[in-house]
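S.K.: Between the sequences and the hints, there should be enough to build the whole structure, so can you do that?
Here are the chains, one letter per residue:
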Amino acid sequence: NAGVTQTPKFRVLKTGQSMTLLCAQDMNHEYMYWYRQDPGMGLRLIHYSVGEGTTAKGEVPDGYNVSRLKKQNFLLGLESAAPSQTSVYFCASRPRRDTTYEQYFGPGTRLTVT
Amino acid sequence: QQPVQSPQAVILREGEDAVINCSSSKALYSVHWYRQKHGEAPVFLMILLKGGEQKGHDKISASFNEKKQQSSLYLTASQLSYSGTYFCGTSDWKDFGNEKLTFGTGTRLTIIP
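Protein sequences, first through last, are from chains A and B. Under the numbering used here, the residues of the first sequence are numbered 18 to 131, in order. Under the numbering used here, the residues of the second sequence are numbered 258 to 370, in order.
Keep in mind the hints are simulated off the structure, nothing from the lab. Careful, some of the hints might be misleading.
Unchecked claim - Straight-line C-alpha distance at most 25 Å; calculated DSS-like pairs for lysine-lysine:
no.	chain 1	residue 1	chain 2	residue 2
1	B	Lys283	B	Lys351
2	B	Lys324	B	Lys357
3	B	Lys325	B	Lys357
4	A	Lys74	A	Lys88
5	B	Lys283	B	Lys357
6	A	Lys87	B	Lys357
7	A	Lys88	B	Lys357
8	A	Lys74	B	Lys357
9	A	Lys26	B	Lys294
10	A	Lys31	A	Lys88
11	B	Lys351	B	Lys307
12	B	Lys283	A	Lys74
13	B	Lys351	B	Lys325
14	B	Lys307	B	Lys325
15	B	Lys324	B	Lys294
16	A	Lys74	B	Lys351
17	B	Lys325	B	Lys283
18	A	Lys87	A	Lys74
Said to hold, decoys possible - Short derived list, chain A residues pointing at chain B, Cβ under 7 Å:
no.	residue
19	Tyr48
20	Gly59
21	Glu119
22	Pro124
All of these numbers come straight from a predicted model, not from anything done at the bench. Glycine included, each C-beta is placed from N, C-alpha and C at the ideal position.
M.R.: Pasting the structure below:
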């Protein structure tokens with residue numbers, strides 16, 4: 018199993034450009050999450066999904082959209098990138114029936130907006 | 258609101274003990290601990306639930322004081338491999354039901370030989 022993978026690993030955008038980050042998991046997990054990590058801020062939840070076709074807002078959803086058309090994929094979109102969105106983005110997933118409640122994280126995407 | 262972790266950073270010699278604290282202003286239902294090594298993804302350590310037992314494995318353990326809305330992570334006889342940034346993730350009853358966690362800002366632990 019590949020676990021949780023993220024595409025791309027690195028990206029540089031100009032202000033106003035758009036892009037989509039892809040998160041894929043092959044563990045048949047129901048729950049998926051997008052976080053951003055900034056120095057000194059820890060991990061902050063952007064959006065999450067509790068199942069195929071459903072999404073919900075986290076702490077910092079402004080400027081981002083998400084879609085979960087397939088159970089294994091969770092897409093994060095930036096419609097008009099801003100320098101404040103420069104960050105490392107992590108995707109995570111976990112199964113519904115799991116007493117440990119462990120979230121499995123992907124390797125991250127480093128995004129720079131100039 | 259993000260939980261507050263203390264200390265923000267700590268440097269220890271191999272073999273020394275460390276305590277990392279996590280405090281919340283909300284009534285907590287669960288506390289989750291993760292460790293992240295530089296340039297890598299966070300990795301799950303353990304979860305503590307309200308009313309549950311203190312958890313631990315090997316030389317890393319944690320406690321959950323529900324009344325004080327605090328959790329502490331204990332690392333005894335630290336090893337070089339313990340270096341990294343430790344995050345607590347918390348949820349109240351509603352967030353737990355919604356499968357949401359709020360992470361603290363992290364504690365950077367450096368172990369030197």
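S.K.: Hints the structure violates: just list their numbers, smallest first.
M.R.: 10 and 15
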